[in-house]
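**Student:** Starting from the known structure of chain A, arrange chains B and C on it as the hints suggest.
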Amino acid sequence: MSTLHIVNKSPFETINLNSCLNHVKEGDSILLIEDAVLGALAQNKLADNISEKLGEISIFALLADLSARGIGRDRLISGIKTTDYAGFVELVANNERTQSWL
Amino acid sequence: MSDEVKKFLYVNRKAPYGSIYALESLEVVLIGAAFEQEVSLAFLDDGVFQLTKGQDTKEIGVKNFSPTYRALGDYDVTKLYVEEESLKERGLGIDDLQYLTYEDEDDDYKEKPSIKVVSRKEMADIMAEQDIILSF
Amino acid sequence: MAYEVNGNIVEHDEEGYIINLSDWSKELAEVIAKSEEIEMTDEHWAVVNFLRDYYEEYQIAPAVRVLIKAIKKELGPEVGNNKYMYELFPYGPAKQACKIAGLPKPTGCV
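Note that the protein sequences, when read in sequence, are chains A, B and C.
Note that this note's numbering has the first sequence beginning at 1, numbered continuously upward.
Note that this note's numbering has the second sequence beginning at 1001, numbered continuously upward.
Note that this note's numbering has the third sequence beginning at 2001, numbered continuously upward.
It should be emphasised that the hints constitute simulated quantities derived from the structure, not laboratory data.
If a hint is listed, it holds; no wrong ones were tucked in.
In silico DSSO-like pairs for lysine-lysine, Cα to Cα no more than 30 Å straight-line:
{"no.": "1", "chain 1": "C", "residue 1": "Lys-2069", "chain 2": "C", "residue 2": "Lys-2095"}
{"no.": "2", "chain 1": "C", "residue 1": "Lys-2073", "chain 2": "B", "residue 2": "Lys-1053"}
{"no.": "3", "chain 1": "B", "residue 1": "Lys-1006", "chain 2": "C", "residue 2": "Lys-2105"}
{"no.": "4", "chain 1": "C", "residue 1": "Lys-2069", "chain 2": "C", "residue 2": "Lys-2026"}
{"no.": "5", "chain 1": "A", "residue 1": "Lys-25", "chain 2": "B", "residue 2": "Lys-1088"}
Next up, chain A with everything else stripped away, as it sits in the complex (with noise of 0.2 Å):
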């Protein structure tokens, strides 16, 4: 009965990615796609606010969009996992329902 949660924001533009974070169940995923893998960076003002929760639930990033924008896996939070395009796919099929914080 899991959602996955696709965020496409910027989280120091909007807090799409914080009102995401305040309603996720236990077994959800979120996916951040464009700007909004600028959230997955290691130590910025979220930082610990998701680190918390991934012991609940799954994070990802969209490598294309970390690859675009300079940002090295190296570089994330450490537990957020990155994803291509087919993994991409494979989280809409395994969840059962997805939910867009625009």
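**Tutor:** Quick look at chains B and C alone, frame taken from chain A:
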């Protein structure tokens, strides 16, 4: 199409007029009402501003669509969940919102309130119960 | 594209809905009805007036089923039923009656 009734949740997170999201959502809700699914609406973050009373758009040259929320009951859209924390964070309370009602056909057409204020935790539960979530 | 009422020109779109809602008058309604091949009776007027009131209050033209439900409540089941409403407005009660009432096309009507 299967005739199975699905649970649809429209999630509204933006204030009206600054962008087209709020109006688009309302229009999709009205059109979608014809399909007789189980529909509810969620208002959180800046979306709570969609329901405030006393909206007057004369000076910005945009149509005031806030009266249209009062028609939702006619369309059998009777469940509007408003997040309490979102209201509080914005200095708002239930009294700042329009009083929206619907007539309950199963209860002698008694007028009942459509808006239900729920906690963030309850909102998360409501989201997790849906078949389809449409975000605006 | 325009209707003519007592020498005045009132613009409408390609489907016959008037452009400026404030151009509406009872005389114009008669003109639009005639172009739709409808002879306005008291029942037609009841529906048109109801639509105008609904729009005034909610800023939308109601969908057909909402219209019929509301008319039934207001004017009774003899008028407020599908069959009779389609007899009054053969091309669709919401679509045609809204046009005569000077309202925009109902949301969701294609």
